[in-house]
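Read top to bottom, the protein sequences are chains A and V. Under the numbering used here, think of the first position of the first sequence as 1, with each following residue one higher. Under the numbering used here, think of the first position of the second sequence as 1001, with each following residue one higher.
By construction, these hints were calculated from the structure, which means they are not laboratory data. Since this is a predicted model, take the numbers as computed values, not measurements.
Each computed DSS-like pair below joins lysine-lysine, with the alpha-carbon atoms no more than 27 Å apart:
#1 V:1164 with A:7
#2 V:1164 with V:1009
#3 A:79 with V:1125
#4 A:239 with V:1140
#5 A:236 with V:1126
#6 V:1147 with A:239
#7 A:126 with V:1120
#8 V:1239 with V:1125
#9 A:126 with V:1240
#10 A:124 with V:1126
#11 V:1101 with A:239
#12 V:1239 with A:124
#13 V:1129 with V:1142
#14 A:239 with A:182
#15 V:1083 with V:1147
#16 V:1129 with A:124
#17 V:1104 with A:2
#18 A:259 with A:236
#19 A:182 with A:6
#20 A:139 with V:1164
#21 A:79 with V:1240
#22 V:1083 with A:239
#23 A:239 with V:1129
#24 A:2 with V:1101
#25 V:1009 with V:1037
#26 A:239 with V:1120
#27 V:1239 with A:79
#28 A:239 with V:1146
#29 V:1101 with A:7
#30 V:1147 with A:2
#31 A:265 with V:1140
#32 A:3 with V:1101
#33 V:1142 with A:2
#34 V:1129 with A:126
#35 V:1083 with V:1129
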Amino acid sequence: MKKILKKLCVDQGLSGCELEMYDTVKELLSGIAAVAHDTSGNIIAAMGDQNAEKHIMLDAHIDRIGLIVTYINDEGFIKAEPVGGMDLRALPGSAVTIRGSETVLGVICTMPPHLSNGDDELSKDKIWIDTGLPADQVKEQISLGDSVIVYSQLRELLNHNIAVSALDNRAGCAVLIRCAQKLKDKKLPCRLSLVFSVQEETSELGAGTAAFSLAPDEAVVVDVGFASQDGVPSEKSGKIGCGGIISISPVLSKAVTDKMINLSKRLNLSCDYEVTGGGTGTNADKISSSKGGIPTGVISIPEKNMHTQVEFVSLDDMEQIAELLAIYVTEGGAVNA
Amino acid sequence: MLDYELLKKLCTADGISGDEERVRNIIIEEITPYADKITVDNMGNVLVFKKGKQTPKQKLLISAHMDEVGFIVTDILDNGCIKFASVGGINDSAAFAKQVKIGKNGLSGVVNAQPIHVLKADERKKNPKIDSLQIDIGAKDKEDAKKYVSLGDSIVFDAPYENKNGRIISKAIDDRFGCLVLIEMIKTELLYDMYFSFVVQEEIGLRGAKAAAFTIAPDSAIVVEATTAADLPSAENEKKVCCVGGGAVVSLMDRATIYDKQYCRLAFEAAEEQGVKVQTKTMIAGGNDAGAIHSSRGGVRTVAVSVPCRYLHASSSLIAVEDAEAVYAVVKATAEKILSR
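Okay, chain A solo, but in the shape it has when bound (with noise of 0.2 Å):
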């Protein structure tokens, strides 16, 4: 699993810029499952009986959140605006790659303590990224809308807990892999489609389309959820090591849902719950009111510091949500087809 998400942690594939990762899940997946790419962009890998009746579609979102450059000023300066909800109180002076025509590091500008008391308030218009490069080398190496990432190294904690940035989402990616790989050779009763869909951190996009286009008979979405931490309501969380948080919601098919809940007791994987009176928040909202409807559930990997450079999951998490979605699909899912 550490492997997958070391190839998947990358700098590469803000939303927008998905086909970026293309590759390397074509690699991931070589093999064990039929992959290509649809109009919006998403990565689709086939997997199963590809005429059978039922048809089941596992979701995570392949983009990550960064900055896209917007403007470079006369002295080299460049200003950049967040894609996705990037958390911008982590930005002041960290290090940044712009994935240029070259590959440049650099700062995100920030004030030092004898002009600012670290006070200020922070604004999605201010932020200034700094290359220490003049201005023409900086204007022929890096053009405007080229994705700005947060630099971050994967690192390896204490009890299988990884932290890096990219985990929101490519943790669910890795997921789905690890879960396809446990499927390999195996006949399933029914025809799979892995979704690796684009931009869900901005609208929601692939999900939708991926939706409409599979038209499956159901659908599970893997994405982070939140871990308890500090300032994190319990309600909302579930704990790292829990292995894995089922999400109960209106929007949700109760069917999918209650298949997930049934499979964990039977296969003794613990797992913890999050209730929502509304939507998830995930891709699941769009998918599951796509074409006529299709019934959708969502497990989510635990994170803490979503949506920072600091993200942080559990591998074991990971491991056994990965089972407990090849055993789903296995038994050809929850709705009758």
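Please arrange chain V on chain A, whose structure you already have, making use of the hints.
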């Protein structure tokens, strides 16, 4: 060119104030073949004498500090997370959501961030105070964490080092760059006898330099530093203080010192003779070991020559190679000018 591979080694060595040992070891290893006398004093300062071709009339000390800013473990919580305090002046924003290394073995950790999704709109726009933050090492609970971390362990930024296209991005350039300049001087043949000190605990009150200056008892001193450059899009005119790419910085006055005016002039002249850029600070800001050295004993004539550095006390600071080269040229030439008198 200065030895920038050595700068990388110095910057990536971890050594907050009071825990300079790793940096000290690198320095001693580098200078041992070249120095005439090396002593480590009770505070951990490295005091060096190097003979030159001539013995001048006065004693000149060239000083840089070994310590970097960082954090220290103050408590281990029931949830297995670590409370910490800053060592040296660090803005709240510099700590937030950073990757860090803890203790002698460089255990990985992260400064936790309450997800913005659960915050109110105004909370999203302000950095929380450092004393409200926790470091997560992935421990299950307090007992688990205590197996790996102890109170008082050092914490440093886990950040990239890059030297490319004429500029360097790294942690701890303040003041491993100064250490590099001193090492490079010790490695060359000197015109005059000189004293050098690699000192501890600058960031928490110029403490090492005080002891070093007492022991060496110099007549004059040059402090080699990294100083704040705020030449950023949101800073105007004089508030930029000094500029990256503007050359060596000779301070006239800062919060700790009014520098020796004649020596400042010598430094400017030295820059001109060496054909390198030189600038001064356009604000009375910051302070360095000169504060402790110039007031030592009966007084020491002191000048500071610094590399302009953006994001000085943060995980990724930035300098230009041309400025670094200029500082070396100015320090060496100024030293010779002082000692030739």
